[in-house]
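Novice: Now for the letters of each chain:
Protein chains: 2
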Amino acid sequence: MQLVFLSGGSGKRLWPLSNNARSKQFLPLLEAPDGSMESMVQRVVRQAKEAKLDAQITFATNAAQRDSIINQLGTEVDIVAEPERRDTFPAIALAASYLHFAKHCPDDEVIVVMPSDPYTELGYFQTIGRMAVQVQRDAAELVLMGITPTYPSEKYGYIVPAQTADNTAEALPVSRFTEKPTVAVAQELLREGALWNGGVFAFKLGYMMSIVRKYIQSSSFEDTYARYKEFPKISFDYEVAEKATSVAVVPFTGKWKDLGTWNTLTEELSRETIGNVLLGDTNENTHIINELDVPVFCNGLKDTVVACSPDGILVCAKDKSETIKKYVDNLSLRPMYEERRWGTYKVLSDLPYSDGTRALTKSIMLRPGKNISYQLHHHRDEIWTIVDGEGLFVLDGEVRKIKRGDVCIIHKEQLHALKAITELVFIEVQIGTPLVEEDIERFDYTW
Amino acid sequence: MQLVFLSGGSGKRLWPLSNNARSKQFLPLLEAPDGSMESMVQRVVRQAKEAKLDAQITFATNAAQRDSIINQLGTEVDIVAEPERRDTFPAIALAASYLHFAKHCPDDEVIVVMPSDPYTELGYFQTIGRMAVQVQRDAAELVLMGITPTYPSEKYGYIVPAQTADNTAEALPVSRFTEKPTVAVAQELLREGALWNGGVFAFKLGYMMSIVRKYIQSSSFEDTYARYKEFPKISFDYEVAEKATSVAVVPFTGKWKDLGTWNTLTEELSRETIGNVLLGDTNENTHIINELDVPVFCNGLKDTVVACSPDGILVCAKDKSETIKKYVDNLSLRPMYEERRWGTYKVLSDLPYSDGTRALTKSIMLRPGKNISYQLHHHRDEIWTIVDGEGLFVLDGEVRKIKRGDVCIIHKEQLHALKAITELVFIEVQIGTPLVEEDIERFDYTW
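The listed protein sequences correspond, in order, to chains A and B.
Using the numbering used here, read the first sequence as starting at 1 and increasing by one per residue.
Using the numbering used here, read the second sequence as starting at 1 and increasing by one per residue.
Hints may be right or wrong, so weigh each one.
Copies of one chain are not kept apart here, so a pair can be met inside one copy or by any two copies together.
Claimed, not checked - Result set (DMTMM-like, lysine to aspartate or glutamate): computed pairs, CA atoms no more than 20 Å apart in a straight line:
{"hint": "1", "residue 1": "403", "residue 2": "382"}
{"hint": "2", "residue 1": "346", "residue 2": "293"}
{"hint": "3", "residue 1": "204", "residue 2": "154"}
{"hint": "4", "residue 1": "229", "residue 2": "381"}
{"hint": "5", "residue 1": "233", "residue 2": "444"}
{"hint": "6", "residue 1": "257", "residue 2": "268"}
{"hint": "7", "residue 1": "326", "residue 2": "281"}
{"hint": "8", "residue 1": "302", "residue 2": "319"}
{"hint": "9", "residue 1": "257", "residue 2": "121"}
{"hint": "10", "residue 1": "346", "residue 2": "428"}
{"hint": "11", "residue 1": "403", "residue 2": "428"}
{"hint": "12", "residue 1": "302", "residue 2": "284"}
{"hint": "13", "residue 1": "302", "residue 2": "322"}
{"hint": "14", "residue 1": "403", "residue 2": "355"}
{"hint": "15", "residue 1": "325", "residue 2": "281"}
{"hint": "16", "residue 1": "12", "residue 2": "281"}
{"hint": "17", "residue 1": "103", "residue 2": "78"}
{"hint": "18", "residue 1": "419", "residue 2": "67"}
{"hint": "19", "residue 1": "12", "residue 2": "291"}
{"hint": "20", "residue 1": "302", "residue 2": "281"}
{"hint": "21", "residue 1": "204", "residue 2": "439"}
Keep in mind the hints are simulated off the structure, nothing from the lab.
Produce the complete structure using the sequences and hints provided.
Specialist: And the structure:
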């Protein structure tokens, strides 16, 4: 079995912890069984393994999330990053092409596609196992997971099973789909035995590839990747589920939540506070998450969430946490903290010059053995002060060893690279105009 | 008339905006008549001038506050900084010695001593004028201001006037003092016509100097200053007011508040928000003060104060704001932001080395024409990256001009100084062990 996790979204609803560079599924806020903290993607991958599904895992994602996935899951998962953001059908089509061309999976291999951020339990993954059995038995071209509804929600899509005499069947044939109904319609759907569409799809690889070939006839993954824009911008539901000649649904009854707002997320936090927090003695149902070094003091709060990160500070009544997105969407700030493949950086200061332009100071951490690519900037000088560790610094082809206290001065147009021997920490001051991440030209370098 | 403002205190109750380097009276949170923001000390000095008291102003303070006073009030006020913290009597005795020896004020000059942080109105300063008249007429050795009480408070000291047939008298003889009574006693005091002791004392300089000479016989201010520890650690109330043979009180009825907690301070703020704040649409009686560059978003809050500074973040129900001090007293953090005579600095990062020691990164602003003293450090290197402006850098006696993009590398034991030609902004990385402000040796340098 091949398990494909869909990982996208900017997750502005969990601002300031999530931003364009760190979606909600990468926030290390959940408690793992061993007491350490894990993110939503780390949790689902752990659960998939615990369910002994004997599945290989591929993440279908975008370029911005690649580094976060590698940092959090290492090399045990494959990553297919779409070259541009389109919709769920193209993303799944690209992942299928990868499994077909690059991993040489056979046409009758079962593929299960699922979101990377459901907060759920082992039974969910056992249901996936039962869906795979149905696909193998050719019960239908497409097998979906149907979540047993707990209330007539307006937020979800519904899967309506066809009437069947055999209620003990493992898979029910699907009669139709209904998107986000009114409460009245939802109540009617519940009476009909409808299930929530949890976005989990199982099918044989050959079936999906036959649909892929309707848009791109290709003989390699690289070619499909290069022609990615030829896929239509359409969801998997519309392009595949709605058009399939036979669809079945396997029900799942159990814990299943979207931790997409502070209100729902804090319900699942095992601790009231994370980080440097000082609590007064009269807080009630209040959660405080502090990613800053300085302390947060709270007292006399009720039903409130406080979240602090280098991007900003949130103080919000929990029942208002759904309103965050519309306000925060107007903020067009650069991320002040990012996890990258090679390590992390934090913006310390973004000072105005007297002439209105700006100077940027970052604290950068490079993991042992990792390097920053050989690069140059056309519009800025960079000055690095090495604070800790040892590494190799290359400037216009000349290599020198650097350590704590050393200074690297890189003028614009000078080629430079840096490799950490031990964990390397340095302060970077960028001076120039304009100061944008895009002012970078990369070159090959052999270490 | 000589007006002496007493300025001390660490003001932990207004954490995180106030700290040991910035007491509450220097926070620029009040709106001046011209719409600009002013601090408590700027407000009282402005009001004293508006009352046309024809008074020269001296601040009796400590070394830590000297730079803040110069920055906020310029050179229009004199400053007497005690060499060590003792109590109010020694502080006032030192200020009196300064007026006697250094300013050569005559013995019959009227001195009025008052706190630097009352939130009050013009009538208060007009009352000071009437107190001075009483001192000139020798109505008593010591004339106090009595605030007409508005409720039987347990927090204040009370002045009980002697029974007098003449209720229209400008000054009433004082019968006794009572410190912080119970509510029941306070109610009785109110019936007796007692007044709150507002800590405003008026006397002739010669009277005070006769008390000073009981402890230190001296012929110069410098000598008195050097012998400061010979003054007893005692309050002015106990040493002078309680022992005086004749004390009179001049009543003041009007606005008089101590803005010493977030609850009382926010009542007087003209704006709900200060700084980079994004407000949702359902906040009620909530004040947000943000001194950070990143945004604060608040929604669904009621009767709450949010305050953010480089030192930390406070989120507190207003009626719990008196509890802050006991929690924050346990924080023994260095100030992350300071105003100095020469400019300001902010700690950007306090990174741990792999061996457990630390590296400190600061952003420093030096005002035009100002300089950092010629100094050396025994335990740290400093690396300065000039971000904006022009200046003169001295290293072991060699002067060079520096500007944006230049780097100054200062090894331990190297003598260095810096003077700003235009406003100079630079990033300082300190590397060494231990990293403490005390690792500094200062030398003379003639620019």
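Novice: First find the shortest C-alpha distance between residue 326 and residue 281 inside one copy, then the shortest across copies, and answer within, between, both or neither for a cut-off of 20 Å.
Specialist: Between copies, since 12 Å is at most 20 Å while 33 Å is not.
Novice: Is the C-alpha distance from residue 103 to residue 78 at most 20 Å within one copy, between copies, in both cases, or in neither?
Specialist: Cα proximity of residue 103 and residue 78: one copy only (10 Å, versus 81 Å across).
Novice: With 20 Å as the alpha-carbon cut-off, assign the pair residue 403 and residue 355 to within, between, both or neither.
Specialist: Close across copies (14 Å), not inside one copy (35 Å); limit 20 Å.
Novice: Have a look at residue 12 and residue 281 and pick one of within, between, both or neither, based on CA distance no larger than 20 Å.
Specialist: Intra 31 Å, inter 18 Å, cutoff 20 Å: inter-copy only.
Novice: Quick one: residue 419 to residue 67, C-alpha cut-off 20 Å, is that within a copy, between copies, both, or neither?
Specialist: within (17 Å within a copy, 44 Å between copies)
Novice: Check residue 403 against residue 428 for me: Cα-Cα at most 20 Å, and say if that holds within a copy, between copies, both or neither.
Specialist: Both, since 15 Å and 18 Å are each at most 20 Å.
Novice: Should residue 346 paired with residue 428 be assigned to within, between, both, or neither, using CA atoms and 20 Å as the limit?
Specialist: Both: 10 Å inside a copy, 17 Å across copies.
Novice: One pair to classify: residue 204 and residue 154, alpha carbons no more than 20 Å apart. Within, between, both, or neither?
Specialist: Classified as neither: same-chain Cα gap 32 Å, cross-chain 80 Å, threshold 20 Å.
Novice: Tell me, please, which holds for residue 346 and residue 293 at an alpha-carbon limit of 20 Å: within, between, both or neither?
Specialist: both (12 Å within a copy, 14 Å between copies)
Novice: I want to check one pair: residue 302 and residue 284. Are their C-alpha atoms no more than 20 Å apart within a copy, between two copies, both, or neither?
Specialist: both (5 Å within a copy, 14 Å between copies)
Novice: With 20 Å as the alpha-carbon cut-off, assign the pair residue 257 and residue 268 to within, between, both or neither.
Specialist: Classified as within: same-chain Cα gap 10 Å, cross-chain 45 Å, threshold 20 Å.
Novice: Are the CA atoms of residue 325 and residue 281 at most 20 Å apart within a copy, between copies, both, or neither?
Specialist: between (31 Å within a copy, 13 Å between copies)
Hints 3, 4, 5 and 21 from the earlier list are contradicted by this structure; the remaining hints agree with it.
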